[in-house]
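Following the hints, complete the assembly by docking chain Z onto the known chain D.
If you want the building blocks of each chain, they are given just below.
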Amino acid sequence: MPEKKKEEGLVPKARPEGFLPKYRVLDLADEKGAYCGKLLGDLGAEVIKVEPPCGDKTRFRGPFFKNEVHSEKSLFFLYFNTDKGSITLNLEVSAGQEIFKKLVKKADVVLESFPVGHLAKLGLDYPRLKKVNPKLVMTSITPYGQKGPLSGYKAEDINIFAMSGYMQLVGEPDQAPLVLGGEQTFYPGSQYGAVGTMAALYHRDAVSKKGQYVDVSMQEAMISYWQEQTPVTMWQKTKENNTRVGAMDAMVTPCGLYPCKDGWISLCVVTPQEWDTLSQWIYEVTGNPEVLKDEYKGGLISRMPVRDMVNVLVMEFTDKLTGREIFLEGQKRKIVVMPVNDVPSLLSDTQLNSRNFWVTLNHPVVGKLKYPKGALYSDAIGAPVKAAPLLGEDNERIYCGELKYSKEDLAVLRTTGVI
Amino acid sequence: MAKKALEGVRVIEFGLYIALPLATRMLAALGAEVIKVETLTSLDMSWFGPMYAPGCLQLEYRPLKRNVTLDIRQPRGKEIMEELIKKSDIYMTNLGEGFLTKFGLDFKHVQSLKKDLIILWQTGLGSVGPYGGFKAYGRLMQHACAISTLGGTPDNLGVANISFSDYHTSMFNALAVISALERRRRTGKGCFIECPIYESGVVAVGPALLDYQANKVVPERRENRHRFYAPHGAYPCQGADRWCTIAVTNEDEWKAFCKVIGNPAWTKSPKFAIAADRVKNAKELDKLIGKWTSKRNVYEVMRKMQNAGVPAGIVAKGEDLDKSLHLKSHQFYYETEFYSADFEKPGMEWPVAGKTVTWKEPVYLSETPCMFGPMHKVGQDNDYVYGKLLGMSKAEIKKLTEESVFK
Numbered sequence: 001m002p003e004k005k006k007e008e009g010l011v012p013k014a015r016p017e018g019f020l021p022k023y024r025v026l027d028l029a030d031e032k033g034a035y036c037g038k039l040l041g042d043l044g045a046e047v048i049k050v051e052p053p054c055g056d057k058t059r060f061r062g063p064f065f066k067n068e069v070h071s072e073k074s075l076f077f078l079y080f081n082t083d084k085g086s087i088t089l090n091l092e093v094s095a096g097q098e099i100f101k102k103l104v105k106k107a108d109v110v111l112e113s114f115p116v117g118h119l120a121k122l123g124l125d126y127p128r129l130k131k132v133n134p135k136l137v138m139t140s141i142t143p144y145g146q147k148g149p150l151s152g153y154k155a156e157d158i159n160i161f162a163m164s165g166y167m168q169l170v171g172e173p174d175q176a177p178l179v180l181g182g183e184q185t186f187y188p189g190s191q192y193g194a195v196g197t198m199a200a201l202y203h204r205d206a207v208s209k210k211g212q213y214v215d216v217s218m219q220e221a222m223i224s225y226w227q228e229q230t231p232v233t234m235w236q237k238t239k240e241n242n243t244r245v246g247a248m249d250a251m252v253t254p255c256g257l258y259p260c261k262d263g264w265i266s267l268c269v270v271t272p273q274e275w276d277t278l279s280q281w282i283y284e285v286t287g288n289p290e291v292l293k294d295e296y297k298g299g300l301i302s303r304m305p306v307r308d309m310v311n312v313l314v315m316e317f318t319d320k321l322t323g324r325e326i327f328l329e330g331q332k333r334k335i336v337v338m339p340v341n342d343v344p345s346l347l348s349d350t351q352l353n354s355r356n357f358w359v360t361l362n363h364p365v366v367g368k369l370k371y372p373k374g375a376l377y378s379d380a381i382g383a384p385v386k387a388a389p390l391l392g393e394d395n396e397r398i399y400c401g402e403l404k405y406s407k408e409d410l411a412v413l414r415t416t417g418v419i
Numbered sequence: 001m002a003k004k005a006l007e008g009v010r011v012i013e014f015g016l017y018i019a020l021p022l023a024t025r026m027l028a029a030l031g032a033e034v035i036k037v038e039t040l041t042s043l044d045m046s047w048f049g050p051m052y053a054p055g056c057l058q059l060e061y062r063p064l065k066r067n068v069t070l071d072i073r074q075p076r077g078k079e080i081m082e083e084l085i086k087k088s089d090i091y092m093t094n095l096g097e098g099f100l101t102k103f104g105l106d107f108k109h110v111q112s113l114k115k116d117l118i119i120l121w122q123t124g125l126g127s128v129g130p131y132g133g134f135k136a137y138g139r140l141m142q143h144a145c146a147i148s149t150l151g152g153t154p155d156n157l158g159v160a161n162i163s164f165s166d167y168h169t170s171m172f173n174a175l176a177v178i179s180a181l182e183r184r185r186r187t188g189k190g191c192f193i194e195c196p197i198y199e200s201g202v203v204a205v206g207p208a209l210l211d212y213q214a215n216k217v218v219p220e221r222r223e224n225r226h227r228f229y230a231p232h233g234a235y236p237c238q239g240a241d242r243w244c245t246i247a248v249t250n251e252d253e254w255k256a257f258c259k260v261i262g263n264p265a266w267t268k269s270p271k272f273a274i275a276a277d278r279v280k281n282a283k284e285l286d287k288l289i290g291k292w293t294s295k296r297n298v299y300e301v302m303r304k305m306q307n308a309g310v311p312a313g314i315v316a317k318g319e320d321l322d323k324s325l326h327l328k329s330h331q332f333y334y335e336t337e338f339y340s341a342d343f344e345k346p347g348m349e350w351p352v353a354g355k356t357v358t359w360k361e362p363v364y365l366s367e368t369p370c371m372f373g374p375m376h377k378v379g380q381d382n383d384y385v386y387g388k389l390l391g392m393s394k395a396e397i398k399k400l401t402e403e404s405v406f407k
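Chains as they are written, first to last, in this note's numbering: chain D, 1 to 419; chain Z, 1 to 407.
Looking at chain D on its own, in the form it has when it is part of the complex (with noise of 0.2 Å):
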């Protein structure tokens, strides 16, 4: 096992004590439910990656540091393996099962994302893993859940955003309907089941002294995340479905995404104050006293029949100024304007690196990242402390200080492919 390099001013200030006590969660997601277990990880829980002797499947997805294509060297495993250790078992052998159970007996959380029915096959299914343990509590993320007629259905990331009508809803009107990018379906679920196995874990210890078995669908949690716009209940009134808008707004104007010097800069103009600053500012930038008519005053709706023309006077005005002008102006002037970021940018934004959001985490094999902070800020809550780890990095601290097996033992277990 490589030595991990402890380096000055590399190691970042402790967690504050307490905020999640040392829950122990044994982590067999994939990519489907890596994020619950570093949200977790990130909150102060012990969480144990446990994975096949070759390593997670995740450890071999792309991209790779360098484009190096190496077990420690996915961005991907990178990113959502923060705050987390590692050991290897091989549960499709009867000696691997045997251990986990023996692990189990310690653990408080079994998070899984495995395809529904093959825990219940190796004998590691919820009501056999509660009885060695009835203080368990085990969290399954899944593309469509454990019950139902689409339960045994493979899913990727767009075929779990395609099934949830969000894609429905993403691209320009008369085109195909498009993915975002970023495999945005990986979080909501995992969102969702950090939520669930918290609520379950506060309910064991303030109440019942018992686990339970949480059931998250990823489609379900993604069709959540665009309720906004009550699809059935469209269909229902209307016979009709939602589509596509593309980037400017089909019901406020002007809203939307606007070319400007340098890019891109995106505005909402909601109320009817925010119209009469926007246009007398529009007036100062281009001369152009069209803009500031009366036909084209009032609040959200009432600009829509003379959409196109007020859109062309925006255009002709973020055209003269560039994004960040446009932007803090703007916000000066208390109208909803947003930058268009790029990853470099983001990494790059004054609002963010004064806030500490960059956390720089070192890694003994691809060195030093900024990894994101998290969404929560509070004194009792700290930033991430530690980068991904590496396969089988705690295997001795878990198999020989825990369940007491000698080196010796380790030797066999690996040399017969248990570990």
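Worth flagging that the hints you see were computed from the coordinates, not collected in a lab.
Some hints could be false.
Just some of the chain D residues that point at chain Z, by a computed CB distance under 7 Å [claimed, not checked]:
| # | residue |
| --- | --- |
| 1 | PHE60 |
| 2 | GLY62 |
| 3 | PHE114 |
| 4 | ALA194 |
| 5 | TYR202 |
| 6 | TYR225 |
| 7 | TRP226 |
| 8 | TRP235 |
| 9 | PRO272 |
| 10 | VAL336 |
| 11 | TYR377 |
Here a beta-carbon is modelled for each residue, glycine too, at the ideal position from N, C-alpha and C.
Only chain Z this time, still in chain D's reference frame:
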């Protein structure tokens, strides 16, 4: 009756729109007593949408919550808010610091009311820093968070007509306060947590943040084509605007896929021999697949692929969600009443506008299942909260109602 995960926990919700009320909706479903405090003296525009069923949108934010009317801008209203907070475990707001301070509810003061109170403050671009206090909408936040630059076409960013990051924020809010409850149970300590919508969206940019640092790769807008998988896309099917997504992620799935479409000659072309070739020639590949899918029903394409073990899923529309036997088997949607807003009248007098569906929380807990049920009318719980909880007499409640403190 089934047990509730958050039985006995009381939450005060003081705020508007999407992210905050969605978080408390989850807490209510988990069994917390959520009291939504609002006033009819300021117009909430979201009551008037959508056009086809004004008011139905509220079902997404209000099920199971208790609801009181209270104008905290009046001195007596502010005092009553303080009494309510003292009786609660969690106080959640997304109102501006200026507004809260102006009416005497700054956070330092609120924390002093109850030492072990958990306070969650949801902000837009954050409370401090160069953009501290800036105005933000979730619809535009997908641009600030760079999400819209991760996908799309060469000409257009990938944009959804949705308040993208509000949903991430809502779950961060819920996770934060439940974790804080657990901490309070152990340590007796309350805490103050801020959750900005901006940061909760940036987290969802994901591995691309590392890819730029390590490899200087800026995400390419490649429509539905994947950087590592092909075929990967939404393919046109029979009918207007019907599409089925297919994703082939390994050689077994590729073989199965070819078999489903009848092993046409082009599948043997060296251009598509291994995954790296297919990714390189994905545009051509997509066109050839489209020829096969466009002659078929969208459900037929999905079933044939799934039966062969190839990941596939239709681009669902509202009607597909409505008819889905799978969602029905989970009882994911349930039907309940919604109301027509009339800000000239007390909320209890607003008429029932109709019935429609809303969704249940997509988390199935075996021992403490999430609850679901109707939304309360605005002010429906004034008697319970002010009478039973705060111990006010009927006469006092009547007086404060007449004085518009409870408006």
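Of the numbered hints stated earlier in the document, which are not met by this structure?
1, 3 and 9
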